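Per the numbering used here, the very first residue in the sequence shown carries number 1; after that it's consecutive.
The set of hints was computed from the structure by calculation and includes no laboratory data. These figures come from a predicted structure and were not determined experimentally. By construction, the Cβ of each residue, glycine as well, lies at the ideal position given by its N, Cα and C atoms. Treat each hint with caution, since some may be false.
To be verified - Here are the computed lysine to aspartate or glutamate pairs in the EDC-like style, where the Cα-Cα straight-line distance is at most 20 Å:
| no. | residue 1 | residue 2 |
| --- | --- | --- |
| 1 | 159 | 171 |
| 2 | 272 | 250 |
| 3 | 279 | 91 |
| 4 | 137 | 91 |
| 5 | 13 | 274 |
| 6 | 208 | 148 |
Claimed, not checked - With beta-carbon atoms standing in for the labels, derived distance ranges:
| no. | residue 1 | residue 2 | range |
| --- | --- | --- | --- |
| 7 | 157 | 251 | 46 to 52 Å |
| 8 | 282 | 119 | 27 to 33 Å |
| 9 | 251 | 116 | 18 to 24 Å |
| 10 | 41 | 2 | 32 to 38 Å |
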Amino acid sequence: MMLEDFYFKMSLKTDPIIDDTTLRDGIQMPGLAVNPEDAVKIVQLLSEIGVERVELFHYLKPDKKAAKIINSMDLDIRVAGWCRAVKEDIDSAIDCGFEEVGISHPVSYIHLKAKWPNKTPDELLEKVVEVVEYAAKTHGLRTFVHGEDSTRADWNFEKKFINAVADAGAECYRICDTVGIGLSDENAPLPNGIPAKIKRVKMETEIKSIEIHAHDDFGNAVENTMAAIRAASGVWDKIYASTTFLGIGERAGNAETEKVIMNLYMHYNVKKFEGKVSKLKELANFIS
């Protein structure tokens, strides 16, 4: 029997874009430290395996140095700076040469109340909108917004949040399964039904693009990422998948970049990874 008898059977009507966050979420794993030279090498290798976007920290001196070097290089990969919803973070990203940012902020009442017990959700949303406008409209940065703890968020508030940041200039909304409770089942309802949320964001908001960011607390990060991609097929023209190489990250880690790539290539025949998957071992050896 031939390889094709087992693989390359499925197809997708969406463009899955790998958005690797090894050098942001990944390095939050206890005991990890990456020097600027290694960070540059990791980004180079990620580019070679077909990753189209990476996300970086830019707060500590080594992170800033790495970001400036990477942003000065002529790499075939988009590079984004991870920011909190404060203007100072946007200024830091600009200083490091980023042309894209991802602005992260909670959307669940659980997180909002825990972090800002004396502020209302609407007051906090106003702050986020102000920072998104500052990044996207004042400085012309391509802007993603990350909805922290999306899988525990009240949909009516989250929908309002997404439409507000879209109007402020954000181009993409990241569904963050922050505590790993997302469900891949097509029939799973909101807030933690991943396919349902992918479709509802398209139907009920004005955001241009969608992203999935899954944590592995229940061992479902790769499956939830693939479920999001399947749900986007025929609904969104593209979907970003936020992953980390080897699944490294805080707590139980994230969806593994290499596993998502191999699923897309071997099962869904995503041609952009053809001839590149042989590089996965080199990057795995380098990171490990």
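Quick rundown of the hints versus the structure:
A distance of roughly 15 Å separates the Cα atoms of residue 159 and residue 171; the hinted pair therefore holds under the 20 Å criterion. Pair hint residue 272 plus residue 250 does not hold up; C-alpha atoms about 30 Å apart against a cutoff of 20 Å. Only pairs whose Cα atoms come within 20 Å are accepted, and residue 279 paired with residue 91 is rejected, the gap being roughly 35 Å. A hinted pair counts as satisfied when its Cα atoms are at most 20 Å apart, and residue 137 with residue 91 qualifies at roughly 14 Å.
Using a Cα cut-off of 20 Å, the hinted pair residue 13 and residue 274 holds, with the two alpha carbons roughly 18 Å apart. A hinted pair counts as satisfied when its Cα atoms are at most 20 Å apart, and residue 208 with residue 148 qualifies at roughly 19 Å. The hint said 46 to 52 Å for the Cβ distance between residue 157 and residue 251, and at roughly 25 Å that hint is violated. The hint said 27 to 33 Å for the Cβ distance between residue 282 and residue 119, and at roughly 47 Å that hint is violated.
For the pair residue 251 and residue 116, the supplied restraint of 18 to 24 Å holds, since their beta-carbon distance comes to about 23 Å. For the hinted restraint 32 to 38 Å between residue 41 and residue 2, the CB-CB distance of approximately 37 Å keeps it satisfied.
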